[in-house]
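A.B. asks: Residue numbers (this note's numbering), protein chains in the order written: chain A, 551 to 818; chain B, 551 to 818.
These are computed hints drawn from the structure, not numbers from a lab. Among the hints, erroneous ones may be present.
Here are the simulated SDA-like pairs of lysine to any residue, each with C-alpha atoms no more than 25 Å apart in a straight line [said to hold, decoys possible]:
| hint | chain 1 | residue 1 | chain 2 | residue 2 |
| --- | --- | --- | --- | --- |
| 1 | B | 689 | A | 676 |
| 2 | B | 629 | A | 794 |
| 3 | A | 689 | B | 689 |
| 4 | B | 689 | A | 551 |
| 5 | B | 629 | A | 637 |
| 6 | A | 629 | B | 642 |
| 7 | A | 689 | B | 560 |
| 8 | B | 689 | A | 716 |
| 9 | A | 689 | B | 735 |
| 10 | B | 629 | A | 629 |
| 11 | B | 629 | A | 676 |
| 12 | A | 629 | B | 560 |
Pairwise CB distance ranges, derived in the manner of DEER restraints [claimed, not checked]:
| hint | chain 1 | residue 1 | chain 2 | residue 2 | range |
| --- | --- | --- | --- | --- | --- |
| 13 | A | 583 | B | 717 | 46 to 54 Å |
| 14 | A | 702 | B | 762 | 56 to 64 Å |
| 15 | A | 684 | B | 762 | 34 to 42 Å |
| 16 | A | 772 | B | 718 | 43 to 51 Å |
| 17 | B | 590 | A | 684 | 31 to 39 Å |
| 18 | A | 767 | B | 718 | 49 to 57 Å |
| 19 | A | 777 | B | 561 | 49 to 57 Å |
| 20 | A | 768 | B | 717 | 20 to 28 Å |
| 21 | B | 610 | A | 640 | 24 to 32 Å |
Partner residues are not named here, just some residues of chain A that face chain B (Cβ under 8 Å, in silico) [unchecked claim]:
| hint | residue |
| --- | --- |
| 22 | 551 |
| 23 | 568 |
| 24 | 604 |
| 25 | 607 |
| 26 | 641 |
| 27 | 647 |
| 28 | 663 |
| 29 | 678 |
| 30 | 724 |
Where is the CB? At the ideal position from N, CA and C, for every residue including glycine.
Number of protein chains: 2
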Amino acid sequence: MPVLVNGRAGQLDPLDRGLQYGDGLFETMAVRDGRARFVDWHLARLADGACRLALRLPDQEQMRAQIAAAWPAGRGVVKLIWTRGAEGRGYRPPVNVDPTCIAAGFEWPAWPAAAWSEGVRLRYCQMRLGRNPLLAGIKHLNRLEQVLARAEWDDEGIAEGLMLDDRGQVISGTQSNLFAVIAGQIVTPALDQCGVAGIMRRAFCAWSALHATAVVERSLQPDELETAAEIFMTNALIGAWPVRELAGRQVPAGPLAVRFNSWLAAQG
Amino acid sequence: MPVLVNGRAGQLDPLDRGLQYGDGLFETMAVRDGRARFVDWHLARLADGACRLALRLPDQEQMRAQIAAAWPAGRGVVKLIWTRGAEGRGYRPPVNVDPTCIAAGFEWPAWPAAAWSEGVRLRYCQMRLGRNPLLAGIKHLNRLEQVLARAEWDDEGIAEGLMLDDRGQVISGTQSNLFAVIAGQIVTPALDQCGVAGIMRRAFCAWSALHATAVVERSLQPDELETAAEIFMTNALIGAWPVRELAGRQVPAGPLAVRFNSWLAAQG
């Protein structure tokens, strides 16, 4: 599929603020049978991010049309980027500028089925996440911390890296959120200082409140994970990957990720 | 002047990692008589940044050629961006990929002469700088903190905003570095946790060691600025702007910025 820039196959103005400053937002969505999964929540997160950045976005129908155009049928992935456009030189954001939309469709990635059935192996990243409450939670285009964290390993047997913040608290994977069952509670790190509040994280929390127990969002120390009865990672494409090994230590298999993935699969 | 992408007038692949993740570096240079001022230092900072990001850059002669092509003669500004290219999907950086070069030339900005002769007014920004030692000092493309800080005011009488880090220490302006004369010492904030180590900051430190006293790099609290005998802001284009007012309080005029600007002007 060609990449669409403002709805047409094409290239990007190199003065676009998305390139110049990372001045924009993105969403990565799973498409099944031509429909983007959890699209309402993806658009809601975009709206939250746009509010935080004071970025003008078009109405939801136009955004849905961009998604559909990027991957019209079957199973795939759509990545949607909105930037503050190509006007203005210098950091000062121009007002009333039309945003730029980049919509790209990709084939569904070929992950090994064992990631779901047997679980994945995790490592800790050296790269820490800097904290900025005004940028925390939203999916903006400043992602160098994740790029450098992901550059730390090339062992294909390691599926994901855990990132701590500068205080040493557990925040997330490089491209996924973390859940752990600790002392009978389902815990996920609070994301008020850094990290991205993933759509599948939201979906798990909604599911869990109905089918298990309410998830506790709180600060989480690395040593707490050593006693976890179950750990799993979520993102919009993978659903939930059970963790079977963290930094060389075995992690028990648990029922939650499996139950959630079954529910998710039944949603189509 | 057209914007050059890899040496030719053109547009950018929207899958370029510079847009997708801010995975790249930039430099903004003053050009006089067709020569980029402090070009060796700009290229040295690029090399430092490339080392930090494990980004492959071409040799210096190729980089100089890009700069010259972007603004060949007279007085202007060149902004040079290097990204990790358009290969690879996901945060994991591809290896041995050719970087993308974007070179843009701009007319010299029309700043009022009073900024140098009378000094400028500063405010404090609400937006704080998150700390990440692995990204501190280099001029990478993740600049949302600066964009949102600059969005905080639209009073044209305020030239710059001071940014603190998340601990409340003074770091820099949104697009400039800060120097202050405190208790007889010339102080500039240490940039080992966040901030950009500006080329004019380096130039001032080099000049000061020869013509005044060695600059002290250290942590700096906002209340220390209330007793400063002189404050000024530096960047690669402006040289040094004396500060005459900080957050509504008058700041004394001092000799250092004036002497430095005279020296700088004499360099051509």
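A.B. asks: Taking the hints in turn, state whether each one holds.
C.D. replies: Results for each hint:
1. Restraint check for residue 689(B) and residue 676(A): the C-alpha separation of about 21 Å stays at or below 25 Å, so the hint holds.
2. A hinted pair counts as satisfied when its Cα atoms are at most 25 Å apart, and residue 629(B) with residue 794(A) does not qualify at roughly 48 Å.
3. Simply put, residue 689(A) and residue 689(B) have alpha-carbon atoms about 22 Å apart, close enough for the 25 Å limit, and the pair holds.
4. Pair hint residue 689(B) plus residue 551(A) does not hold up; C-alpha atoms about 34 Å apart against a cutoff of 25 Å.
5. For the proposed pair residue 629(B) and residue 637(A), the alpha carbon gap of about 15 Å is at most 25 Å, so the pair holds.
6. Taking the CA atoms of residue 629(A) and residue 642(B), the gap is about 16 Å. The hint holds against a cut of 25 Å.
7. Note on residue 689(A) and residue 560(B): the hinted pairing is violated, with a Cα-Cα distance of about 29 Å set against a maximum of 25 Å.
8. For the given pair, residue 689(B) sits about 21 Å from residue 716(A) by alpha-carbon distance, which is consistent with the 25 Å threshold.
9. For the hint pairing residue 689(A) with residue 735(B), the CA-to-CA distance comes to about 43 Å; that exceeds 25 Å, so the pair is violated.
10. Straight-line distance between C-alpha atoms of residue 629(B) and residue 629(A) comes to about 29 Å, which puts the hinted pair past the 25 Å bound.
11. For the hint pairing residue 629(B) with residue 676(A), the CA-to-CA distance comes to about 32 Å; that exceeds 25 Å, so the pair is violated.
12. Distance check on the hinted pair: residue 629(A) and residue 560(B) sit about 24 Å apart at the alpha-carbon level, within 25 Å; holds.
13. The given range of 46 to 54 Å is respected by residue 583(A) and residue 717(B), whose C-beta atoms sit roughly 50 Å from each other.
14. Taking the beta carbon of each, residue 702(A) and residue 762(B) are about 43 Å apart, not inside 56 to 64 Å as hinted.
15. In this structure, residue 684(A) and residue 762(B) meet the distance hint of 34 to 42 Å, their C-beta atoms being roughly 38 Å apart.
16. At about 27 Å, the beta-carbon gap between residue 772(A) and residue 718(B) misses the expected band of 43 to 51 Å.
17. Between residue 590(B) and residue 684(A) the beta carbon distance is about 37 Å. The supplied range of 31 to 39 Å therefore holds.
18. Look at residue 767(A) against residue 718(B): about 26 Å separates their beta carbons, and that is not inside 49 to 57 Å.
19. For residue 777(A) and residue 561(B), the hinted distance range of 49 to 57 Å is satisfied, since their beta carbons lie about 53 Å from each other.
20. Between residue 768(A) and residue 717(B) the beta carbons are some 23 Å apart, a value that agrees with the proposed interval 20 to 28 Å.
21. Between residue 610(B) and residue 640(A) the beta carbon distance is about 27 Å. The supplied range of 24 to 32 Å therefore holds.
22. The criterion of a C-beta within 8 Å of any C-beta in chain B is not met by residue 551(A), whose closest approach is roughly 12 Å, and the hint is violated.
23. The beta carbon of residue 568(A) is positioned within 8 Å of a beta carbon in chain B (closest approach about 5 Å), and the interface hint is therefore held.
24. Satisfaction of the interface hint for residue 604(A) is found here, the shortest Cβ-Cβ separation to chain B being roughly 6 Å, below the 8 Å cut-off.
25. The beta carbon of residue 607(A) is not positioned within 8 Å of any beta carbon in chain B (closest approach about 16 Å), and the interface hint is therefore violated.
26. Because the closest C-beta pair between residue 641(A) and chain B is about 4 Å apart, less than 8 Å, the hint holds.
27. The interface hint given for residue 647(A) is broken, as the beta carbon of that residue sits about 12 Å from the closest beta carbon of chain B, more than 8 Å.
28. Residue-level restraint check for residue 663(A) is violated (minimum Cβ-Cβ distance to chain B is 19 Å; threshold 8 Å).
29. For residue 678(A), the interface hint holds, since its Cβ comes within 8 Å of a Cβ in chain B; the closest pair sits about 7 Å apart.
30. Satisfaction of the interface hint for residue 724(A) is found here, the shortest Cβ-Cβ separation to chain B being roughly 6 Å, below the 8 Å cut-off.
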